[in-house]
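A.B. asks: Listed here are the chains, written in short residue letters.
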Amino acid sequence: MVGKLAFRNLRRNLRRTLLTVAAIALGTALAMFSIGLGDGGHQQMIENGVRIGQGHLTVQREGFLESPSSSLYIHDPGPFMAAISRSPYVANAYPRIRGEGILATAAGAEGVVFQGIDPALPGEADIFRDSLTEGEFLTDENNAHLVIGAKLADRLKLTLGKKVVLTTQDAAGEITSTLVRVQGIYRTGSGTIDGSICLVPIGYLQNALGMEKGVTSIAIYLENPFKEKEALADIGPKLPPGPEHLYQWQTLQPDLRDYVVIDDAFGYMTYAIVLLIVAIGVLNTILMSVMERRREIGILTAVGMESEDVMKMILVETVFITLLGIFAGVLIGLGVNWYFSTYGLDLSSMSPQEWSLAGTVIDPVLRSHLRPHRALGLCVAVFLLTVTMGIYPAWKASRILPVEAMEKP
Amino acid sequence: MSIIRTEHLSRYYKQGPVQVHALQDVNLAIEKGDFAVVAGPSGSGKTTLLNMIGALDKPSEGRIWLDGFEITNLSRRQTSRLRRDRIGFVFQFYNLIPVLTAYENAEFVLLLKGVDHGARKEKVMALLEKVGLSGLEMRKPHELSGGQQQRVAIARALASDPVIILADEPTANLDTHTEEGLMDLMEELNREMGTTFLFSSHDPAVINRAGRLIVLRDGEILSDERK
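Chains E and Y, in that order, are what the protein sequence lines are. Using the working numbering, read the first sequence as starting at 601 and increasing by one per residue. Using the working numbering, read the second sequence as starting at 1450 and increasing by one per residue.
Since the hints were made in silico from the structure, they are not lab data. Small disclaimer: the values here were computed from a predicted structure and weren't measured. All C-beta atoms in this analysis are idealised placements derived from N, C-alpha and C, irrespective of residue type, glycine included. None of the hints are false.
With a cut-off of at most 25 Å between alpha-carbon atoms, the simulated DSS-like pairs for lysine-lysine come out as follows:
id: 1; chain 1: Y; residue 1: 1589; chain 2: E; residue 2: 912
id: 2; chain 1: E; residue 1: 604; chain 2: Y; residue 2: 1589
id: 3; chain 1: E; residue 1: 912; chain 2: Y; residue 2: 1562
id: 4; chain 1: Y; residue 1: 1507; chain 2: E; residue 2: 996
Chain Y is nowhere near these chain E residues, computed Cβ spacing over 10 Å in every case:
id: 5; residue: 795
id: 6; residue: 872
id: 7; residue: 949
Here are the computed distance ranges between Cβ atoms for each label pair:
id: 8; chain 1: Y; residue 1: 1588; chain 2: E; residue 2: 869; range: 51 to 59 Å
id: 9; chain 1: E; residue 1: 891; chain 2: Y; residue 2: 1463; range: 18 to 26 Å
id: 10; chain 1: E; residue 1: 877; chain 2: Y; residue 2: 1465; range: 37 to 45 Å
id: 11; chain 1: E; residue 1: 877; chain 2: Y; residue 2: 1512; range: 50 to 58 Å
id: 12; chain 1: E; residue 1: 923; chain 2: Y; residue 2: 1589; range: 21 to 29 Å
id: 13; chain 1: Y; residue 1: 1518; chain 2: E; residue 2: 869; range: 56 to 64 Å
id: 14; chain 1: E; residue 1: 608; chain 2: Y; residue 2: 1512; range: 38 to 46 Å
Could you build all of it, start to finish, from the sequences and the hints given here?
C.D. replies: Printed below as a string of structure tokens:
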């Protein structure tokens, strides 16, 4: 009976009901689109970040994170690669040598992060390969060639074919220098990356630094980045015992991690404000409809309807409106997210160059990525917030005294 | 035993600094089967008296009994249940629920009482036929005339088999012909079903039909006569 009354009351002023439903729907859709675009943007940043960095997960020696010395290296990466390859979560794993050094030419010297890679491995360092603007990428894992960023090349006045000295610490902890030739120049668009990272064949570095077959890290890339925890739990126990640990990207790239967390927090604040505004609108509408029906509510209580049932009736009206609004909002939100997931939101006209932030490159074409649990969480939040707003008008309705409500109109 | 009994019943309202005595020391007993009218000019306390008896309002002083049970200081929930189970109301402005049909309005109290579907249907159809509304069950109030709406209100009032029906100026908004038809109906219900009626009215056409006339002035009973 309460449900029947509630449903018919909503139909009675259909325009107001539909406007309220539309407000909830638009608020939900807007929040859903923001979440999808935000999460998609973060995902792109993280993917670029781990491609530039050390993968979703990284195996390296304890202490290397705090002090990336070449003396802290994995002596025999073979058993580790075998264990990693057995995990169903892994797409690729790349043995690497990573360290800090100085590149010097006649024009000057710059501090760099060098990365020894095996160019023959499929997908290895593809973000740099795809960003090559001059010359060729590394082809032989043993030759003394170098690929550097455009900003670094500018600062050191380097062109293709020029020689440069790389000075760093070797496996024994001694300072060593080696001569390499510029084979390629890349430009990712990130000033930080283009001005600091250079790539060298891993075999050449193993020789130059006295590591034999050793590496400083193994970069692991996952099939599904959202299965990071599962991959961690699966791979960790399989690794050979020793001073090597398995690290998540969040540990190795704290700037990126912190940016995502802070951006998420600001996102939540924005969604909360939008939804609060919508909810206040719903409160106003429901309260208005209760005040307009004072007399009628007085009649209901006069003939014996209890206050609790009056309150339930108003709450049921609020729930109906909320569910309809959420349903419509989800449909709109899913549609908008699908569109921007497929075609992206092209913001390249807003900036003549690529963006970088927190050590990674931001793709100017943002693609939405809405995960089910985020959409569900939003729906629950909208539902709880909006229905909560219905409590006051429902309580007010339950307090209407029939004798006051039924005074002559 | 009286259906309704009041003892030193008084009701005061504050209007700014002034205290208004709507009812003063009313002692009244309504017997089963009475067809009584409370008459008096505007402001005499008629509606206030019916509100007290119908547990729509609480007295400032005094006590009230309904069918031997004191109802003076019941809780909100208790008064709701009392009105649902024991009292029927017919209001001046019909006061039907606009989103419900005639059938659903008459059925409403039975739904509140939890009566099952079959029993509800049987009772409501019989009541609507009794009040002369067969065939109009599915109409909403705005599709009915004033007299028809008031008949639905009477059916609703009768649905819970109340000990008394309180009718606050039930014919005030009706034309003479409709008013007569309605009064005929209520007299017939009083006669055949033994339903106790207590009206408030200043309409001579209603007053003339009263089996008992209680006259109020300035919140006090001026006279109380059986015809």
